[in-house]
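There are 4 protein chains.
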Amino acid sequence: MSDRIVLAYSGGLDTSVCIGWLTEETGQEVVAVAVDVGQGGEDMELIRQRALDCGAVESVVVDAKDEFAEDFCLPALRANALYMDRYPLVSALSRPLIVRHLAEAAREHGATVVSHGCTGKGNDQVRFEVGIANLAPDLKVIAPVRDYAWTREKAIAYAEEKGLPINQSKKSPYSIDQNVWGRAVETGFLEDIWNGPIEDVYDYTADPTVQREADEVTISFEAGVPVAIDGTRVSVLEAIQQLNTRAGGQGVGRLDMVEDRLVGIKSREVYEAPGAIALITAHMELENVTIERELARYKRGVDQRWGELVYDGQWFSPLKRALDTFIDEAQSAVTGEIRMTLHGGRATVTGRRSGTSLYDFNLATYDEGDSFDQSQARGFIEIYGMSSKLAARRDELSTGRPSGARS
Amino acid sequence: MSDRIVLAYSGGLDTSVCIGWLTEETGQEVVAVAVDVGQGGEDMELIRQRALDCGAVESVVVDAKDEFAEDFCLPALRANALYMDRYPLVSALSRPLIVRHLAEAAREHGATVVSHGCTGKGNDQVRFEVGIANLAPDLKVIAPVRDYAWTREKAIAYAEEKGLPINQSKKSPYSIDQNVWGRAVETGFLEDIWNGPIEDVYDYTADPTVQREADEVTISFEAGVPVAIDGTRVSVLEAIQQLNTRAGGQGVGRLDMVEDRLVGIKSREVYEAPGAIALITAHMELENVTIERELARYKRGVDQRWGELVYDGQWFSPLKRALDTFIDEAQSAVTGEIRMTLHGGRATVTGRRSGTSLYDFNLATYDEGDSFDQSQARGFIEIYGMSSKLAARRDELSTGRPSGARS
Amino acid sequence: MSDRIVLAYSGGLDTSVCIGWLTEETGQEVVAVAVDVGQGGEDMELIRQRALDCGAVESVVVDAKDEFAEDFCLPALRANALYMDRYPLVSALSRPLIVRHLAEAAREHGATVVSHGCTGKGNDQVRFEVGIANLAPDLKVIAPVRDYAWTREKAIAYAEEKGLPINQSKKSPYSIDQNVWGRAVETGFLEDIWNGPIEDVYDYTADPTVQREADEVTISFEAGVPVAIDGTRVSVLEAIQQLNTRAGGQGVGRLDMVEDRLVGIKSREVYEAPGAIALITAHMELENVTIERELARYKRGVDQRWGELVYDGQWFSPLKRALDTFIDEAQSAVTGEIRMTLHGGRATVTGRRSGTSLYDFNLATYDEGDSFDQSQARGFIEIYGMSSKLAARRDELSTGRPSGARS
Amino acid sequence: MSDRIVLAYSGGLDTSVCIGWLTEETGQEVVAVAVDVGQGGEDMELIRQRALDCGAVESVVVDAKDEFAEDFCLPALRANALYMDRYPLVSALSRPLIVRHLAEAAREHGATVVSHGCTGKGNDQVRFEVGIANLAPDLKVIAPVRDYAWTREKAIAYAEEKGLPINQSKKSPYSIDQNVWGRAVETGFLEDIWNGPIEDVYDYTADPTVQREADEVTISFEAGVPVAIDGTRVSVLEAIQQLNTRAGGQGVGRLDMVEDRLVGIKSREVYEAPGAIALITAHMELENVTIERELARYKRGVDQRWGELVYDGQWFSPLKRALDTFIDEAQSAVTGEIRMTLHGGRATVTGRRSGTSLYDFNLATYDEGDSFDQSQARGFIEIYGMSSKLAARRDELSTGRPSGARS
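Line order of the protein sequences matches chains B, W, F and Z. For the record, in the first sequence the residue sitting at position 219 is 219 according to our numbering, with numbers rising by one throughout. For the record, in the second sequence the residue sitting at position 208 is 208 according to our numbering, with numbers rising by one throughout. For the record, in the third sequence the residue sitting at position 237 is 237 according to our numbering, with numbers rising by one throughout. For the record, in the fourth sequence the residue sitting at position 102 is 102 according to our numbering, with numbers rising by one throughout.
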């Protein structure tokens with residue numbers, strides 16, 4: 001059972017062809033592992049069988065949708081993870097989950113090598129390989145597309161030559177990665193960054209410009225976890241799925257950006273993430289209501305670094321784990337309900353309600369009878385402004401006028 | 001000419017009443033200073049005359065719209081300033097400008113005291129007084145509403161008693177502050193944070209749910225400064241004004257949030273800032289195209305701190321000035337054009353074009369013939385992942401499994 | 001038993017006088033609470049009795065030395081807490097502990113008011129009152145020295161008039177606060193910041209310029225906790241005490257600095273903290289050996305913020321608690337031994353040994369036979385340097401030369 | 001004149017051998033460039049001649065000591081640059097200077113390739129190559145030691161075979177890099193991190209344990225630049241050199257640490273940097289006196305990131321340049337004098353004097369007649385503590401006790 005190769009298997013042309021090629025090239029048996037993260041498309045059982053038909057010695061299919069939602073999407077939600085303030089880390093979240101299953105399968109099936117189908121210019125190769133290095137540091141990695149320059153053309157020729165059961169009728173113009181948290185689209189005409197996306201690019205979201213009735217939804221959170229929608233208890237997976245449908249139906253969650261890749265180049269990306277964007281929008285506002293100011297300010301920096309680390313393939317790194325503990329602690333009081341209107345491509349918060357709210361009507365109101373003691377303000381301002389005032393006075397003494405003043 | 005009081009004069013009831021009251025209370029002459037920051041409403045000449053009618057010894061009106069746009073809104077744009085990731089600092093930007101004019105008027109008119117009409121529970125009192133402390137550290141401040149508990153009722157009674165020329169027919173239910181960068185609304189029923197805003201609250205923006213034709217706009221920037229709209233050169237003020245009209249006409253820029261005040265409480269705020277939001281959205285994407293990754297990542301933290309400082313009334317502080325130099329340097333290559341669609345409450349970037357772009361089609365394309373050398377990736381990943389891999393191996397040795405692995 | 005006042009009692013003149021004065025002024029009974037944080041000096045039983053003699057209805061003495069070491073000094077050590085890179089937070093650590101005991105005493109003895117003897121221009125008033133606000137938000141605070149302008153002269157006169165049992169023979173020129181973590185000294189001649197401290201100022205440390213034998217010590221840590229000295233198990237308190245003696249005996253831990261107070265002014269401070277400095281020096285180097293690079297880099301920022309928050313009186317704040325969880329996680333592998341030489345005012349690390357070390361001789365050695373694969377470096381550098389290289393090339397294209405180059 | 005190679009030439013065995021080998025291997029002429037950064041040792045003219053004797057077509061020697069001090073050491077001083085809070089970036093500072101001269105020589109002598117003698121496991125290869133990529137992005141790099149596995153043994157054999165004029169009598173056990181800012185030592189027995197350094201390792205510093213007279217020095221700064229020592233004007237280079245002698249003579253500036261390399265491993269390093277440590281110590285304290293609190297707090301983070309970037313070979317990167325502007329602005333008032341005692345391995349500040357001091361005796365003094373208005377403190381504390389107090393009260397309501405309280 002030793003010296004097997006565990007292959008991250010998608011069911012598509014590239015990784016199907018890999019099975020036979022890896023066996024030939026290395027003399028090692030290939031174990032195919034396909035992970036269902038809610039990408040939709042083909043039946044997983046078909047995929048499992050195809051790997052066997054292509055020569056895999058074992059073919060494993062894992063329904064990881066709940067695991068993905070709870071262990072990967074949820075931490076991202078609690079971190080309000082938006083890389084470059086925009087991208088909710090769709091692919092970056094699924095890679096470490098797949099890595100986890102590859103590492104476990106390698107242990108179980110006695111493999112010493114892991115293989116994946118990523119190219120050498122993207123982020124995913126890094127996420128796979130750094131993930132493997134962190135979870136199973138002694139496994140080796142083979143990436144045929146990158147290390148042996150497998151092209152699509154070579155793959156098609158190989159499949160025909162070997163009579164592999166792959167239908168490769170017509171190449172889609174889109175390169176797509178999708179899961180329950182969202183969908184990423186790359187395609188030739190979008191590589192010209194002056195071109196806008198066309199409607200055909202989208203699948204998770206309806207056209208936001210079409211007139212339709214607004215949809216009002218109330219999302220309940222407990223300690224930063226979405227637990228109910230419109231009063232009905234849901235799992236995290238169900239929350240995402242239902243909001244994919246409802247927010248997606250209103251055109252919410254389309255993103256189009258130029259993005260900084262880990263490998264040092266900029267790329268153009270189009271994403272759809274209706275559920276993710278609706279949930280993050282709601283969660284951020286509930287944090288506004290329930291998190292103390294200084295914690296909230298610091299958490300923005302933590303959230304940013306968390307998103308960068310996960311984007312950069314460091315899911316299993318020591319820093320990521322330490323940031324997780326910070327975020328967990330910060331979520332303890334993020335409990336309550338957010339009412340939103342989903343409509344016309346927008347997810348708009350219209351109400352918040354929380355038993356752990358820090359909003360205090362009696363302090364905040366401008367009505368009479370408020371409980372805020374305004375007489376404290378003068379002393380506060382005097383001492384709060386002291387250090388910059390002393391600097392201004394010093395500058396006035398040494399330069400003739402305070403630094404902020406116009407000459 | 002000594003011992004005068006310079007009053008920040010709005011033309012409204014509170015500050016009109018202050019003129020006489022301050023004179024009586026202190027025996028000092030009052031110089032009224034009204035600053036036009038694009039708040040609209042009454043003619044500034046009417047306001048100037050009213051101050052005189054109410055007893056001011058001098059009444060100064062300053063058209064500061066261009067100054068406001070260039071010296072205050074523009075730095076905010078270059079910092080992508082969104083307090084709590086939402087609020088583009090509408091009032092927080094105008095206060096230091098008013099302070100500048102108060103300080104200069106005090107010098108010119110020989111005043112030793114400055115007065116403003118803010119309450120003791122808001123941010124603006126801090127912005128006024130810390131600003132004064134920084135620009136003219138020896139001036140004293142009187143804030144009658146806060147320090148002498150002037151209520152609206154007292155003010156009306158005083159105005160009637162003195163026969164002041166103020167029409168206070170019907171109290172508006174809304175407390176509003178507006179300028180060319182945006183508009184802030186507070187009102188009783190929004191103090192219940194479960195209540196959503198009603199259409200009546202808004203003035204700068206049309207209802208986004210009404211069907212209308214989309215508006216496509218192209219904004220040109222030079223070194224982070226908006227210089228043209230649809231190819232026609234504009235001043236910063238014109239850029240903001242035109243986008244207020246065009247983005248506002250599409251319902252862009254409505255904000256509704258619970259906000260952390262500097263005085264330690266949370267408050268509910270509704271804002272409209274169509275031009276600001278359209279410009280910041282465009283500017284952020286142009287930064288994505290033209291700013292190097294590590295600079296861009298660090299700048300997010302700088303931008304956040306800049307926004308907090310300005311929100312917190314520290315416009316003239318040493319740290320704010322040092323952050324400005326960082327941001328200036330970071331803007332040097334932020335030159336190019338952004339095409340956006342304004343529609344249905346959304347400002348959506350659809351194209352970017354820049355002579356200083358860092359997006360390199362030849363490196364990024366997945367077409368054949370790209371210039372990215374994929375053979376470098378393996379070495380990169382090996383060394384990039386080294387430190388977390390060594391930590392994982394250490395943990396495996398000391399605990400039996402890598403820290404990231406499931407038990 | 002209601003409406004009592006709990007007084008933070010030091011046994012000194014000011015707080016002794018407070019007992020009677022508070023009773024007279026408010027009609028409430030005073031409960032004196034004295035906390036032993038290792039300040040040395042008088043026997044705590046004498047202090048307890050003096051409070052009763054001065055009119056306290058109850059007098060409580062708490063031996064909190066172990067609690068102080070474990071709950072307050074230890075977190076500071078794990079955070080390498082050095083405010084402004086220098087000051088190990090001596091007084092800032094004891095205040096929240098005292099607050100904890102005041103709040104608990106208030107609950108136990110039915111008090112509604114807390115009183116302390118701090119002035120109105122220092123940090124300690126803030127630490128006491130914000131601490132009380134966080135632990136017992138409904139208690140009121142009276143600070144007679146600040147709020148009623150009690151001067152030393154008034155206090156002496158009051159004590160004589162009432163025949164209070166306080167010997168106030170001769171005023172020491174030094175204002176001192178000390179505990180097991182260190183000692184702070186303020187005094188008139190040091191308020192001229194050009195003056196250097198004289199030997200008489202110091203008590204915890206011997207003159208470092210006197211010749212003596214060096215002292216070699218080995219400190220063992222488990223998960224960031226000092227657990228043994230020279231192989232003998234110690235409690236945290238014992239570790240600090242023994243190092244106070246040994247490092248203090250070598251003149252280690254003297255500090256002299258201008259410091260930024262929370263109340264906005266700068267002050268001159270002289271400290272001694274031999275045990276704290278020796279422990280932090282050892283701990284930092286053990287972190288260098290056992291903490292992964294990116295976690296270590298981020299932790300420096302967390303440590304800085306932690307120190308600022310604690311200095312600023314925010315021990316019990318939500319952000320401080322969240323930073324604690326980060327630091328706890330980061331300490332999990334900080335286990336091993338540090339050998340130091342204590343001599344001539346210096347604590348110098350000379351050796352480190354750890355079962356959880358990340359230092360890998362086989363990777364690091366420049367001897368032959370190392371396990372570092374140098375062939376990876378080229379690819380690493382190419383991709384690691386990509387983003388700044390693209391920026392340089394862009395600048396060359398648009399300006400004629402790369403931005404870093406000389407003109 | 002085309003297709004030449006510019007070689008970073010040290011005069012030592014490795015790079016001397018490179019000259020002939022590169023010529024043979026590539027058919028290109030070699031231009032040797034040796035840069036004097038104050039490393040001492042051989043006469044630069046000898047080094048220049050040796051390159052010619054070894055076959056260089058041109059041999060250039062640059063006296064860059066002043067340039068190094070002013071353009072590289074000075075920014076490091078103003079950033080208080082201490083990587084991992086310890087290491088003043090000795091080698092990391094000289095590499096970009098050498099790169100600058102290599103790039104300029106390549107332009108002048110028509111070279112298309114640059115060569116250096118670094119190994120593949122250190123930081124310097126990255127600093128050279130990323131530097132070149134930033135200053136002259138089209139140059140190629142050859143690193144024979146790394147890319148062609150040149151060992152010392154091969155080099156000696158090659159030198160003997162070709163009769164090159166290199167005396168390689170006895171290998172020093174130490175691998176040393178030194179310049180005017182400091183000296184780095186690596187050696188076999190120190191690769192066991194439990195071993196302490198021996199006296200023989202040091203050259204810039206005398207044994208601090210030897211008894212000698214203390215040396216008092218006063219350093220004057222103008223806007224963060226050291227301009228005088230004991231009242232005599234000095235250049236930056238002279239300031240460093242004089243303090244190397246005087247602080248070095250007192251054993252100041254020895255460092256021994258485990259360090260995080262950019263290539264992901266930890267290494268043991270011993271440094272000496274007497275002038276650098278003395279200057280940074282003085283500069284930090286002058287900043288304490290002259291920089292406003294919030295700017296000072298933020299600058300610590302900027303300084304840390306600056307040091308990491310420079311350590312990581314990003315001297316010419318966009319982020320480094322933007323941080324420079326921040327630091328420049330922050331230095332504007334860092335003017336004054338620091339008096340220090342150099343003795344027994346310690347550089348101890350004993351006095352500060354500044355015309356731009358923010359220390360205000362009248363505010364700080366505890367004597368009577370101070371100008372601090374203590375009555376402001378109560379209001380300050382109330383509002384300053386508000387947000388955490390509200391959080392504590394919320395926690396008490398929802399959990400039964402404030403979060404900070406013990407159960």
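Some clues are possibly wrong.
[Stated by the list, open to error] Which residues of chain Z face chain W? A few of them, derived with a C-beta cut under 10 angstroms, are:
| no. | residue |
| --- | --- |
| 1 | R107 |
| 2 | E292 |
| 3 | S388 |
[As the list claims (entries may be wrong)] If the Cβ cut is set under 7 angstroms, some of the chain W residues that face chain Z in the computed set are:
| no. | residue |
| --- | --- |
| 4 | A214 |
| 5 | V263 |
| 6 | Y366 |
| 7 | E368 |
| 8 | Q374 |
[As the list claims (entries may be wrong)] Residues of chain B placed beyond 10 angstroms of chain W at every Cβ, according to the derived structure:
| no. | residue |
| --- | --- |
| 9 | V62 |
| 10 | M84 |
| 11 | A103 |
| 12 | W194 |
| 13 | E199 |
| 14 | D256 |
| 15 | D260 |
| 16 | I265 |
| 17 | G345 |
| 18 | S375 |
| 19 | G400 |
In short, the hints are calculated from the structure, not lab data. Virtual Cβ for every residue (Gly too), placed ideally from N, Cα, C.
Cross-check of the supplied hints:
Interface restraint check for R107/Z: the shortest CB-CB distance to chain W comes to about 23 angstroms, outside 10 angstroms, so the restraint is violated. Checking E292/Z against chain W: minimum C-beta separation of about 4 angstroms stays under 10 angstroms; hint holds. At its closest, the beta carbon of S388/Z sits 9 angstroms from a beta carbon of chain W; the interface hint therefore holds under the 10 angstroms criterion. Given hint, A214/W at the interface with chain Z, is violated; its Cβ is 36 angstroms from that chain's nearest Cβ, farther than 7 angstroms.
Because the closest C-beta pair between V263/W and chain Z is about 5 angstroms apart, less than 7 angstroms, the hint holds. For Y366/W, the shortest C-beta to C-beta distance to chain Z is roughly 24 angstroms, which exceeds 7 angstroms, and the interface hint is violated. Violation of the interface hint for E368/W is found here, the shortest Cβ-Cβ separation to chain Z being roughly 24 angstroms, above the 7 angstroms cut-off. Because the beta carbon of Q374/W sits about 18 angstroms from the nearest beta carbon in chain Z, more than 7 angstroms, this interface hint is broken.
With a minimum CB-CB distance of about 13 angstroms to chain W, V62/B clears the 10 angstroms threshold, and the non-interface call stands. The claim that M84/B lies off the interface is violated: its Cβ sits roughly 6 angstroms from the closest Cβ of chain W, which falls inside the 10 angstroms cut-off. Consistency note on A103/B: stated as away from chain W, yet its beta-carbon is not over 10 angstroms from all of that chain's, at 7 angstroms minimum. Look at W194/B: its CB is around 4 angstroms from the nearest CB on chain W, not clear of 10 angstroms, so calling it non-interface is violated.
With a least beta-carbon separation of about 13 angstroms from chain W, E199/B lies farther than 10 angstroms from that chain, consistent with its non-interface assignment. Look at D256/B: its CB is around 6 angstroms from the nearest CB on chain W, not clear of 10 angstroms, so calling it non-interface is violated. Against chain W, the non-interface label of D260/B is violated: not every CB pair exceeds 10 angstroms, the least being about 4 angstroms. Residue-level check failed: I265/B sits 5 angstroms from the nearest beta carbon of chain W, not beyond 10 angstroms.
Residue placement check: G345/B does not keep its beta carbon more than 10 angstroms from all beta carbons of chain W (closest about 5 angstroms). Here S375/B does not stay apart from chain W, with its beta-carbon only about 7 angstroms from theirs, under the 10 angstroms limit. No Cβ of chain W comes within 10 angstroms of the Cβ of G400/B; the nearest lies about 13 angstroms off, and the non-interface call holds.
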